[in-house]
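**Q** If you want the building blocks of each chain, they are given just below.
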Amino acid sequence: MRALVRYAVFLYPAVWRARYAAEMEALLEDAGSNAGDVWDIVRGALSMQMTTVGFWKILTGCALAGVLAAGIWSATMPDRYISTAVMRIRPVSPAGDRIEQMLAVQHHMTKVQQNALSRKSLTSIIVAQNLYANERKTQPLEDIIETMRQHDIRLQVVDAKGGTTFVVNFRGDNPAAAQSGARALVSALVEEHVMVQRDGQTGGAENLEVLDPASLPSESSDPDRLRMVRNGLLAGLGLGLVCGALWTIVRRRAQWSAVRIAGFAAAGMAIGVTIAILIPNEFISTAVLRTVDAGKLQPTIAQVLSDESLAAIVRQHHLFRKEVARSGMDAVVKKMRNQNIRVQTVGLGTASNLSVFTVSFRYPDRFTAQRVNGELVMRFLGQPQNATEIVDPPSDPLRPSSPNRMQIAALGTILGTILGLVASRFRRPKLATA
Amino acid sequence: MSDPTLLVLASLAEGEKHGYGMMEDIQRFAGIRLGPGTLYGAITRLEERGWIRPLESDDRRRPYAITGAGRQYLEEQLATLDQVVKTARQRLKPA
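Chains A and B supply the protein sequences, listed in that same order. What the first sequence shows, in my numbering, is residues 155 to 588, in sequence order. What the second sequence shows, in my numbering, is residues 719 to 813, in sequence order.
The reader is advised that the hints may include incorrect statements.
[Claimed, not checked] Pulled a few chain B residues facing chain A out of the computed Cβ check, cut under 7 Å:
hint: 1; residue: 759
hint: 2; residue: 780
hint: 3; residue: 783
[What the hints assert, rightly or not] What follows is a set of in silico ranges between Cβ atoms, one per label pair, in the way DEER data are often shown:
hint: 4; chain 1: B; residue 1: 766; chain 2: A; residue 2: 414; range: 27 to 33 Å
hint: 5; chain 1: A; residue 1: 400; chain 2: B; residue 2: 800; range: 28 to 34 Å
hint: 6; chain 1: B; residue 1: 783; chain 2: A; residue 2: 205; range: 44 to 50 Å
hint: 7; chain 1: A; residue 1: 164; chain 2: B; residue 2: 763; range: 19 to 25 Å
hint: 8; chain 1: A; residue 1: 414; chain 2: B; residue 2: 773; range: 33 to 39 Å
hint: 9; chain 1: B; residue 1: 766; chain 2: A; residue 2: 568; range: 33 to 39 Å
hint: 10; chain 1: B; residue 1: 732; chain 2: A; residue 2: 413; range: 46 to 52 Å
hint: 11; chain 1: A; residue 1: 223; chain 2: B; residue 2: 774; range: 32 to 38 Å
hint: 12; chain 1: B; residue 1: 774; chain 2: A; residue 2: 226; range: 40 to 46 Å
hint: 13; chain 1: A; residue 1: 183; chain 2: B; residue 2: 809; range: 43 to 49 Å
Derived from the structure by calculation, the hints contain no laboratory data. No residue lacks a Cβ here, since even glycine has one placed at the ideal position from N, Cα and C.
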């Protein structure tokens, strides 16, 4: 009985035990104890635990709540399966200029994909394979097709040597639906490839082959339940940290240092503002162009953004002087193409070959951004194989596009506050002076 | 009356006592044996509210005393209970 009583007393919160456990032990020695007393102590301990809330209890509770919520949410999400097929397209005769061949293959595949993923083609796949049976009862077909394009179909190039190898992924509710969807997509791609070649729409001759047929997935690909539970745990810990800190600030003001927390928050804001000021402004100038032959847009872009063309622009406008001196022209041209220039198709016109696209150039100087964008536009206009016209000339960027200084300062303040809470919570207590 | 906080205050109104002393005293005047968990739950609440205070002691058996605020609270509660008892007795009398 004594051992039981001792274990029961241990259920009280540590703070309570430090204050009252010795007294309760003395009482039990004087009064004796029975089974009823053990239950009375256990009940008292549980009641004390419920009413004594502390930082660690809040943190643990929030973390557990986060894990539980994420676990329940992930359990209610249906499993999805991905079937994969691998295909390859390459020119019939490998002789000739390699870049031209690559551009021709790319142009051909763009056409084939556009046709295979058209509304008509996807509708016939959905109906023939009986896909999205439940969704078709409640949603319009247009929405289902859009969802299919955005979320369930993925075509990705994996290798461009010796031809273009790409994977065709289709995501379905069950392994059989995923596989039949992927098979149907492969068939649609092959059919469109034959039709495009027969009609001479792309001017080249390519071989399209299936390297690996649509797989039957053995396990679901998503949701990634472990990742969701992990994210729930992190979110719970974050919330618990903030709530626990606020609770103990209110309940035990002596343990926290408002001055320290405010100091860290102010330091965080100052660092954030400093970083935001030190990051140079960047301006983006954008022009809108229109071409009458969408099929020749890709080769035109390749010509305008070629290494020689961009190197000439860099020299002519004295761009990136320090980087050229440090890393060389090749590296600068590559970076310029990947990070500073953006060419984006914004939509097709009513005529089948019309294509509207934007050309943007990003640079730390506002006027240079506009001037260089103008140079790029002139080069697009100067391409003989593709008639292009200006819809909207290069803009003069009045405000910088980055950095977002308010956001950086706010982030610095938040991080400083969190650091101040942690530093204040775990500081060493001050020694009493005589 | 079986509220442990009132029983503890009533016991301490006579004079300072430690836990076992309160338990015995309450058993005598109210016929109720408070368990150790119940007794120390009441002591914890009363001390937090400032209605009793611990006294210095050399051993583990720490005595408690009722404070002025505790006396005032006890008087208010007893006045209410008194009113309830009077009303109930009147209503129980045969008409």
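**Q** Each of the hints needs a verdict: does it hold here or not?
**A** These are the hints, each one checked on the structure:
1. 759: This interface hint holds because 5 Å falls under the 7 Å limit.
2. 780: 5 Å, holds
3. 783: 15 Å, violated
4. 766(B) to 414(A): 27 to 33 Å: 28 Å, holds
5. 400(A) to 800(B): 28 to 34 Å: 44 Å Cβ-Cβ, so the 28 to 34 Å window is violated.
6. 783(B) to 205(A): 44 to 50 Å: 25 Å, violated
7. 164(A) to 763(B): 19 to 25 Å: Given about 21 Å between the Cβ atoms, the range holds.
8. 414(A) to 773(B): 33 to 39 Å: 37 Å, holds
9. 766(B) to 568(A): 33 to 39 Å: 35 Å, holds
10. 732(B) to 413(A): 46 to 52 Å: For residue 732(B) and residue 413(A) the Cβ distance comes to about 48 Å; the hint holds.
11. 223(A) to 774(B): 32 to 38 Å: 50 Å, violated
12. 774(B) to 226(A): 40 to 46 Å: Between residue 774(B) and residue 226(A), where Cβ atoms are some 54 Å apart, the hint is violated.
13. 183(A) to 809(B): 43 to 49 Å: 47 Å, holds
Going down the numbered hints, you'll see the structure goes against 3, 5, 6, 11, 12, while the others check out.
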